[in-house]
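A.B. asks: Sequences and hints are given; from them, build the entire structure.
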Amino acid sequence: ETGVTQTPRHLVMGMTNKKSLKCEQHLGHNAMYWYKQSAKKPLELMFVYNFKEQTENNSVPSRFSPECPNSSHLFLHLHTLQPEDSALYLCASSQIATGYEQYFGPGTRLTVT
Amino acid sequence: AQTVTQSQPEMSVQEAETVTLSCTYDTSESDYYLFWYKQPPSRQMILVIRQEAYKQQNATENRFSVNFQKAAKSFSLKISDSQLGDAAMYFCAYVGTYKYIFGTGTRLKVLA
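Top line first, the protein sequences correspond to chains A and B. So in our numbering, spot 52 of the first sequence is number 52, and the numbers just go up one at a time. So in our numbering, spot 86 of the second sequence is number 1086, and the numbers just go up one at a time.
Please note: incorrect hints may appear among the correct ones.
Computed list of lysine to aspartate or glutamate pairs in DMTMM-like fashion (alpha-carbon distance at most 25 angstroms, straight line) [stated by the list, open to error]:
no., chain 1, residue 1, chain 2, residue 2
1, A, Lys-41, B, Glu-1010
2, B, Lys-1099, A, Glu-24
3, A, Lys-40, A, Glu-101
4, A, Lys-22, A, Glu-56
5, B, Lys-1099, A, Glu-67
6, B, Lys-1099, A, Glu-101
7, A, Lys-40, B, Glu-1010
8, A, Lys-18, A, Asp-85
9, A, Lys-36, B, Glu-1017
10, A, Lys-40, B, Asp-1086
11, A, Lys-22, A, Glu-44
12, B, Lys-1099, A, Glu-44
13, A, Lys-36, B, Asp-1026
14, A, Lys-40, A, Glu-84
15, B, Lys-1073, A, Glu-67
16, B, Lys-1099, A, Asp-85
17, A, Lys-36, B, Glu-1010
18, B, Lys-1073, A, Glu-101
19, B, Lys-1109, B, Glu-1010
20, A, Lys-40, B, Asp-1026
21, B, Lys-1099, A, Glu-56
22, B, Lys-1099, A, Glu-53
23, A, Lys-19, A, Glu-67
24, A, Lys-41, B, Asp-1086
25, B, Lys-1055, A, Glu-24
26, A, Lys-36, A, Glu-56
27, B, Lys-1070, A, Glu-101
28, A, Lys-40, A, Glu-53
29, A, Lys-41, B, Asp-1026
Derived from the structure by calculation, the hints contain no laboratory data.
C.D. replies: Here's what the structure looks like:
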């Protein structure tokens, strides 16, 4: 595996379910990010981890819970989501020292029913 | 607060022609980075080009170049000799001190 991978690629869940999205980067980067991409809206930064420490939480509802066990893995735990949470969730990583150039994963297409 | 504006939701260009995508931003910071990312249909977002704010010289990557006007807070992307593979959503992005802000994107269509 190379670059940034995300699993699953597609997820359909009910509002009462609990699920997790997984992201893994194979680039030796020290920062990881979660973004939400909805149609006709700017890419929304959700969480930032630098050296496994969360440094940014852009007022994301508590039904989204991130976890970064090491600098290569990032999870997004989901519970009691709403239909408006349906979107493409993108993971990215970067090497802070080289100017924040981000490498993106393919995304997880989430549908909340 | 920083903002990034892409005023062209959609653009079209004839194959082999040149097209320019616009991006303006607002910030009070003096040190930051600007990026153009490309997202082909159903494919991963990839970096097209990057510009450091402290550099006066405009960045160039093969057929892609930028016109960076720091005082005007403008950061346009020029694609020369457009190819069918250039068809994608293009996002302008600003990265400052713990700020990562993307524009709404411009959909580029390349006509054969």
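A.B. asks: A separate judgement is required for each hint: does it hold in the structure or not?
C.D. replies: Checked hints:
1. A:Lys-41 / B:Glu-1010: Status holds; Cα separation ~14 angstroms.
2. B:Lys-1099 / A:Glu-24: 23 angstroms, holds
3. A:Lys-40 / A:Glu-101: Within the cut-off at roughly 24 angstroms; holds.
4. A:Lys-22 / A:Glu-56: 19 angstroms, holds
5. B:Lys-1099 / A:Glu-67: 20 angstroms, holds
6. B:Lys-1099 / A:Glu-101: 13 angstroms, holds
7. A:Lys-40 / B:Glu-1010: 12 angstroms, holds
8. A:Lys-18 / A:Asp-85: Distance ~14 angstroms between Lys-18 of chain A and Asp-85 of chain A Cα, so the pair holds.
9. A:Lys-36 / B:Glu-1017: 33 angstroms, violated
10. A:Lys-40 / B:Asp-1086: The given pair, whose Cα atoms are some 20 angstroms apart, holds under the 25 angstroms limit.
11. A:Lys-22 / A:Glu-44: 18 angstroms, holds
12. B:Lys-1099 / A:Glu-44: With Cα atoms ~11 angstroms apart, Lys-1099 of chain B and Glu-44 of chain A stay inside 25 angstroms; holds.
13. A:Lys-36 / B:Asp-1026: Distance of about 22 angstroms is within 25 angstroms: holds.
14. A:Lys-40 / A:Glu-84: Judged against 25 angstroms, a Cα distance of about 14 angstroms means the pair holds.
15. B:Lys-1073 / A:Glu-67: Answer violated: Lys-1073 of chain B to Glu-67 of chain A is near 36 angstroms, above 25 angstroms.
16. B:Lys-1099 / A:Asp-85: Given pair Lys-1099 of chain B, Asp-85 of chain A holds - Cα atoms ~23 angstroms apart, limit 25 angstroms.
17. A:Lys-36 / B:Glu-1010: 21 angstroms, holds
18. B:Lys-1073 / A:Glu-101: Status holds; Cα separation ~20 angstroms.
19. B:Lys-1109 / B:Glu-1010: Status holds; Cα separation ~8 angstroms.
20. A:Lys-40 / B:Asp-1026: Holds, at about 21 angstroms.
21. B:Lys-1099 / A:Glu-56: 9 angstroms, holds
22. B:Lys-1099 / A:Glu-53: This hinted pair holds, its Cα atoms lying about 16 angstroms apart.
23. A:Lys-19 / A:Glu-67: The hint holds at about 13 angstroms.
24. A:Lys-41 / B:Asp-1086: 22 angstroms, holds
25. B:Lys-1055 / A:Glu-24: It is violated: about 33 angstroms lies between the C-alpha atoms, which goes past 25 angstroms.
26. A:Lys-36 / A:Glu-56: 14 angstroms, holds
27. B:Lys-1070 / A:Glu-101: Given that 25 angstroms is the threshold and the Cα spacing comes to 20 angstroms, the pair holds.
28. A:Lys-40 / A:Glu-53: Violated: Lys-40 of chain A and Glu-53 of chain A sit about 31 angstroms apart, past 25 angstroms.
29. A:Lys-41 / B:Asp-1026: 18 angstroms, holds
In summary, the numbered hints that this structure violates are 9, 15, 25 and 28.
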